[in-house]
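Position chain P against the provided structure of chain V, taking the given hints into account.
Number of protein chains: 2
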Amino acid sequence: MFKLFPVTNGLENVKGFFCGATNVGMRTNPVNSGGGDVDGDVAFIRSESPCDISAVFTSNTFQAAPIKHFLKYPKEFQTDFVLINAKNANAMTGEKGIEDIDTIMSTLRTKIDVLNPVMSSTGVIGYRLPVDKITSAFDTLNFHASDSHKAARAIMTTDSFKKELAYKVELENSKSFNIAAICKGAGMINPAMATMLCFIITDANIPKSDMDELLVQSTEDSFNRISVDGDTSTNDTVMLLANKESGAYHKEAFKAALNKIMFELAMMILKDGEGANKLVAFEVRGAKSEEEAKKASMALSNSLLVKTALFGEDPNWGRIASTIGASGIACDEKKLTIHYDDLLIYSDTFRELDKEREDKAYKIMKQESFKVTCDIGLGAGSYTSYGCDLSYEYVKINAEYRT
Amino acid sequence: MFKLFPVTNGLENVKGFFCGATNVGMRTNPVNSGGGDVDGDVAFIRSESPCDISAVFTSNTFQAAPIKHFLKYPKEFQTDFVLINAKNANAMTGEKGIEDIDTIMSTLRTKIDVLNPVMSSTGVIGYRLPVDKITSAFDTLNFHASDSHKAARAIMTTDSFKKELAYKVELENSKSFNIAAICKGAGMINPAMATMLCFIITDANIPKSDMDELLVQSTEDSFNRISVDGDTSTNDTVMLLANKESGAYHKEAFKAALNKIMFELAMMILKDGEGANKLVAFEVRGAKSEEEAKKASMALSNSLLVKTALFGEDPNWGRIASTIGASGIACDEKKLTIHYDDLLIYSDTFRELDKEREDKAYKIMKQESFKVTCDIGLGAGSYTSYGCDLSYEYVKINAEYRT
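Chains as they are written, first to last, in the working numbering: chain V, 1 to 403; chain P, 1001 to 1403.
Keep in mind that the hints were calculated from the coordinates and are not lab data.
Honestly, I wouldn't trust all of these hints.
Claimed, not checked - Only pairs whose alpha carbons sit at most 27 Å apart, straight line, appear in this in silico DSSO-like list of lysine-lysine: (1) 1150/P <-> 1111/P; (2) 1260/P <-> 335/V; (3) 1355/P <-> 1295/P; (4) 1360/P <-> 96/V; (5) 1334/P <-> 75/V; (6) 335/V <-> 1096/P; (7) 72/V <-> 1355/P; (8) 335/V <-> 371/V; (9) 1072/P <-> 96/V; (10) 360/V <-> 1111/P; (11) 72/V <-> 208/V; (12) 1335/P <-> 1355/P; (13) 1288/P <-> 335/V.
Computed from a predicted model, the values in this text were never measured in an experiment.
The shape of chain V in the complex, shown without the other chains (with noise of 0.2 Å):
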């Protein structure tokens, strides 16, 4: 048995890092540069001593340079430092865009000792990163300090808040261990087009092999759930950094852990939609397998006909049902049910809503959050994921994004 509990602040729970970040003037305008909670635009990450690293990177054919120059390392490479930037993706910007990270890199090696350093960037694509703004930071930078808080603002971009996390995992031979994470993204209507990041480190004893194994498990069961597969930026990258130093490891109680933190920060962005002011959870169970339920599931979380009637409050259960119709999954009218929370809005033999369930259907919709499950019928298959919706304000940052 093991107990987890969260804890405050963030990264520095986790023994042997350091933390932080620093302003380079990146950011020219502050509408588009995460609101008020932003706060620099250059941060770091770095262990003491060596990391063993797993990550999870976009599925988009055009992969950003940091995430090629990630991969040009040997395959099983330890780290001890991470470079985040926000306002510029280095993304489609070919190999200068990889040689222009071997350049940063150079330079901070003239500042500090790292073993195989990793970057992470988020913002524009197509533009050369500012290699001398980047560097720059270096000369600020204090590599000894453990702002968390400051780490999780540098990297935001159309988020409102920062999004960091830690946990306290003790276990029953009275050993502990830590694991922190800081996230930057805003779900919006297709989430995965905006990119994702996410860098979670612990002090864990996990082996390697765990961590492949554990990251790959809980992508699929947090951020994966919020958005399409195979569809997503060209930057998007979750990265499990692990120094070893507590000594202390379960794989039950790790997997907890990670599973934890990995939901409730996709829940966070969510939460975070570009305008969004509501989260509703799309469960699919009764269809014919797995694959039918999550493909219907994800057509609903990424319908827009959907969103704008979650926006508007209508219980207009003809576009879940529409939707349903549409994803191409076997289903039968005469068979489905659709549930708001725990109200039954539409059956085979209860198909026109009456005044007083409208009544009832509406009040749930003004919730900030609620659940709508829909049961096709026909076999075991079910899947549920997160959805947002979808307001002016989406459109007005997605509009005027970039400037």
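Quick look at chain P alone, frame taken from chain V:
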């Protein structure tokens, strides 16, 4: 050889057809009832003599009751009467929905002789048709009217203008035939999710087998280029009725006329995009196959980030590139080129926009319509789809629809 020329007005140009509409009071909120151009809510199209009929219906599993009613007729049935209503889709209404149509048609038969009458509906999903209101139309409708404008206006929902077109086709032998259509639908983020209805009539002496073949082909080259395959509303319908009364026919001439009329209607739908201001052609060429070109082209015309960038008139080719990379087709950033109209905005050796070129791109994007061409540089596959921008107005219309 043949000559094809547009004629004024609409359905009344075709020999032996009547059409008209009336208002039975189904529209309660003029804001969501097609704006100023709307007139009436029940329309009909009628032929003096029996017509062959071909139809293409939605691929949504939950086909609406009028489609199920249609499909209950024998495969090669003839008809002389189409009844169309707005404001209520008669979808997800079960067996009762089909019975309601039978009831309506029984009442119709007490007023006028009809052969295998069919129905088509658009509007909100999940409510029984107001049968009494609809049959009250038969007291006021003039079944010998030729009021195409009124019919085109009565079938509008979120459309802001009526859609009707007519062409006369003159053949070498000095014979001629006519083809005309009315249509409703407003292009949107995923245009396929809003009901699209199109009724095409002709007096050409076309064989039924040609009708079936050409209607499918032309649908693929028109309405399906502004939507995603397989992701359609419960009611989408394209019908072609031929009463053969002109005695004239030429397959190539008919094909050209049908293609032209359907493509122009598709562009009218897009132009009438809910809140949309721009019409953009997304040509993908040089893909490994036509299938891959279509996949990437459709991904572009459906991408929200591309659509909001269009609305913001931001020459952000990064979103175009990222969408292609995410579409899952074979591509290579060294081979890719992107043009806005004739302006090169991305190639391997030309990535960052200078001020002059950005200004040119900005001017192109200011136009009401322009073309984005992405050459993948890997093969001979090409495909063009058509999209519109995403504006605040879209969210407003779709948040408020139904009320």
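Hint-by-hint comparison with the structure:
A C-alpha spacing of about 21 Å is found between residue 1150/P and residue 1111/P, which places the hinted pair at or below 27 Å, so the restraint holds. Our distance criterion of 27 Å between C-alpha atoms is broken by residue 1260/P and residue 335/V, whose separation comes to about 42 Å. Only pairs whose Cα atoms come within 27 Å are accepted, and residue 1355/P paired with residue 1295/P is rejected, the gap being roughly 32 Å. Among the hinted pairs, residue 1360/P with residue 96/V is consistent with the structure: their alpha-carbon atoms are about 26 Å apart, no more than 27 Å.
Our distance criterion of 27 Å between C-alpha atoms is met by residue 1334/P and residue 75/V, whose separation comes to about 25 Å. For the suggested pair residue 335/V and residue 1096/P, the alpha carbons sit about 16 Å apart, so the restraint of at most 27 Å is met. The hinted pair formed by residue 72/V and residue 1355/P fails the criterion: a straight-line CA distance of about 34 Å is larger than 27 Å. Proximity of residue 335/V to residue 371/V is assessed by CA-CA distance (about 20 Å); at most 27 Å being required, the pair is judged to hold.
Between residue 1072/P and residue 96/V the alpha-carbon distance is near 64 Å, which puts this suggested pair outside the 27 Å criterion. Between the alpha carbons of residue 360/V and residue 1111/P the distance comes to roughly 44 Å, so the proposed pair goes past 27 Å and is violated. Among the hinted pairs, residue 72/V with residue 208/V is consistent with the structure: their alpha-carbon atoms are about 19 Å apart, no more than 27 Å. At most 27 Å may separate the alpha-carbon atoms for a hinted pair to count; residue 1335/P and residue 1355/P meet this at roughly 24 Å.
Annotation: proposed proximity of residue 1288/P to residue 335/V is violated, straight-line Cα distance about 42 Å (limit 27 Å).
Checked against the numbered hints above, the structure breaks hints 2, 3, 7, 9, 10, 13 and satisfies the rest.
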